[in-house]
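A.B. asks: One letter stands for each residue in the lines below.
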Amino acid sequence: MRLLFPEKTALQKWVRHWALPGLLCATLALFQPRLEQSMVLHMGVEIPLLFILGWLTANAGGPVLVKKLAPWNMAGVPGLTFAILVISLWMVPAALDYAVLSAPVAIAKVASLLTAGMAAGLSWKPAGFIVQAFFTMNAFWMTFVVGLLYREAPQQLCSVYLEDEQARAGAAIMAWAILALLLWAPGVLRKLRD
Amino acid sequence: MKTTGLRSVIAFAIIVVLGLAAFSAVTAGFAAVTSDGVRRVQLERNPRVLPDLPLIDARGTMFSLRDYGGASNRVTFITLVYLQCQSVCRTSIAGQSWMQHAIQARGLKDRVRLLTLSFDPANDSPQVMAEHARRMGVDADLWRFATVPDTGDLNRMLALFDIIVLPDGLGGYSHNAGLFLIDEFGQLARAYDVDRPDLALADYLARAKGKGE
Numbered sequence: 001m002r003l004l005f006p007e008k009t010a011l012q013k014w015v016r017h018w019a020l021p022g023l024l025c026a027t028l029a030l031f032q033p034r035l036e037q038s039m040v041l042h043m044g045v046e047i048p049l050l051f052i053l054g055w056l057t058a059n060a061g062g063p064v065l066v067k068k069l070a071p072w073n074m075a076g077v078p079g080l081t082f083a084i085l086v087i088s089l090w091m092v093p094a095a096l097d098y099a100v101l102s103a104p105v106a107i108a109k110v111a112s113l114l115t116a117g118m119a120a121g122l123s124w125k126p127a128g129f130i131v132q133a134f135f136t137m138n139a140f141w142m143t144f145v146v147g148l149l150y151r152e153a154p155q156q157l158c159s160v161y162l163e164d165e166q167a168r169a170g171a172a173i174m175a176w177a178i179l180a181l182l183l184w185a186p187g188v189l190r191k192l193r194d
Numbered sequence: 001m002k003t004t005g006l007r008s009v010i011a012f013a014i015i016v017v018l019g020l021a022a023f024s025a026v027t028a029g030f031a032a033v034t035s036d037g038v039r040r041v042q043l044e045r046n047p048r049v050l051p052d053l054p055l056i057d058a059r060g061t062m063f064s065l066r067d068y069g070g071a072s073n074r075v076t077f078i079t080l081v082y083l084q085c086q087s088v089c090r091t092s093i094a095g096q097s098w099m100q101h102a103i104q105a106r107g108l109k110d111r112v113r114l115l116t117l118s119f120d121p122a123n124d125s126p127q128v129m130a131e132h133a134r135r136m137g138v139d140a141d142l143w144r145f146a147t148v149p150d151t152g153d154l155n156r157m158l159a160l161f162d163i164i165v166l167p168d169g170l171g172g173y174s175h176n177a178g179l180f181l182i183d184e185f186g187q188l189a190r191a192y193d194v195d196r197p198d199l200a201l202a203d204y205l206a207r208a209k210g211k212g213e
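The listed protein sequences derive, respectively, from chains Z and C.
Start counting the first sequence at 1; every next residue gets the next number (the working numbering).
Start counting the second sequence at 1; every next residue gets the next number (the working numbering).
Derived from the structure by calculation, the hints contain no laboratory data.
Mixed in with the good hints, there may be bad ones.
[Claimed, not checked] Pair ranges (Cβ atoms, derived):
id: 1; chain 1: C; residue 1: 185; chain 2: Z; residue 2: 27; range: 19 to 27 Å
id: 2; chain 1: C; residue 1: 41; chain 2: Z; residue 2: 128; range: 49 to 57 Å
id: 3; chain 1: C; residue 1: 106; chain 2: Z; residue 2: 164; range: 32 to 40 Å
id: 4; chain 1: C; residue 1: 66; chain 2: Z; residue 2: 103; range: 28 to 36 Å
id: 5; chain 1: C; residue 1: 86; chain 2: Z; residue 2: 68; range: 52 to 60 Å
id: 6; chain 1: Z; residue 1: 175; chain 2: C; residue 2: 98; range: 49 to 57 Å
id: 7; chain 1: Z; residue 1: 184; chain 2: C; residue 2: 44; range: 41 to 49 Å
id: 8; chain 1: Z; residue 1: 193; chain 2: C; residue 2: 16; range: 21 to 29 Å
id: 9; chain 1: C; residue 1: 24; chain 2: Z; residue 2: 67; range: 29 to 37 Å
id: 10; chain 1: C; residue 1: 203; chain 2: Z; residue 2: 138; range: 32 to 40 Å
Glycine included, C-beta positions come from ideal geometry on N, C-alpha and C.
Let's have the full structure, built from the sequences with the hints guiding it.
C.D. replies: What follows is the structure in structure tokens.
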């Protein structure tokens, strides 16, 4: 059990380091043209990492930010709703096309995903177990099913990406859904154990 | 606590409204999820006027896309291709070939015609297009191949049809496709799937019938 649920580890400290989001963001920016050349890298790497980056920023910001947001973010519901809406928006194939073809939409994409990650990170603790479970399960099913649809779609979904990339992009989306569920599961088990 | 609840409800409402607005914006009002679908809806709602785009056909004749832009009792189905293409253009051209047979078989020659536009003027010269048309058994009164003589006009042509062409790194291109209709008013008014020319023709015939022809 100890091994499965470590307390404050070196990894956690590292993940909460204030410099990490900035470094990651710079790295992502460096690889942006390469990442958006392929549907798999765009949907499977860039978009999830932007969201995670936002979450890490929230972690680095810590309780101060949570407190500032608290009056507008009861039980984390507005924040998590925002996060889930942003994630689902960028899974719409037409939105992805706009993001590649139009600079303002591309900026909106990056900004909204970072903000969504932050909102989710800042809302997670205040949300409590039940609200967390509600949003996690909804996000999981939504993402998983979207991934399935991408895998199975008979028509070309995006104008800017090839049809044969869709199956792999779909698989990547499904993998993220499962990964998120797996990351969440230890917390649930711990809760049930206590 | 009370103000926190109220503020949170307001924040929640604003977020939901913004979310719906964003979804509506990218899906043409919840009508489509792919760019091709969005284009289809946009064309139906706002048909496009054909610009004065210089073209050259397989016979070497110069003409303008606007020649198709006037009111006429003949409608035109258009696809965009490049002739070296081994994938989706084959579907596009096969669709038009099917249409040619259907038009001939049903005696629709005075009502429907076909136009295939190449976006690869460097390779698809009038001679190449003529050779291709000959191999396809093209009826020249019915089906015309053309391209832009000036590569500077290429982007205007692609933008009109919302076709995105990306070099695939192997000397070819990857691109989205569409089967477009120029209606009786000379407007770019509809887009269909390239692999369902039957539905496109049926839609035209059904609407023509509805207008009392």
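A.B. asks: Take the hints in turn and mark each one as holding or not.
C.D. replies: Going down the list of hints, with the structure as the test:
The hint said 19 to 27 Å for the Cβ distance between residue 185(C) and residue 27(Z), and at roughly 54 Å that hint is violated. Roughly 42 Å separates the CB atoms of residue 41(C) and residue 128(Z), a value that falls outside the hinted 49 to 57 Å. Remark: the range hint 32 to 40 Å for residue 106(C) to residue 164(Z) is upheld by a beta-carbon distance near 36 Å. Between residue 66(C) and residue 103(Z) the CB atoms are about 31 Å apart, so this pair conforms to the stated range of 28 to 36 Å.
With their beta carbons about 58 Å apart, residue 86(C) and residue 68(Z) fall inside the hinted range of 52 to 60 Å. About 40 Å separates the C-beta atoms of residue 175(Z) and residue 98(C), a value inconsistent with the hinted range of 49 to 57 Å. The given range of 41 to 49 Å is respected by residue 184(Z) and residue 44(C), whose C-beta atoms sit roughly 44 Å from each other. Between residue 193(Z) and residue 16(C) the beta carbon distance is about 36 Å. The supplied range of 21 to 29 Å is therefore violated.
Between residue 24(C) and residue 67(Z) the CB atoms are about 34 Å apart, so this pair conforms to the stated range of 29 to 37 Å. Checked against the hint of 32 to 40 Å, the C-beta distance between residue 203(C) and residue 138(Z) comes to roughly 38 Å, which is consistent with it.
Checked against the numbered hints above, the structure violates hints 1, 2, 6 and 8; every other hint is satisfied.
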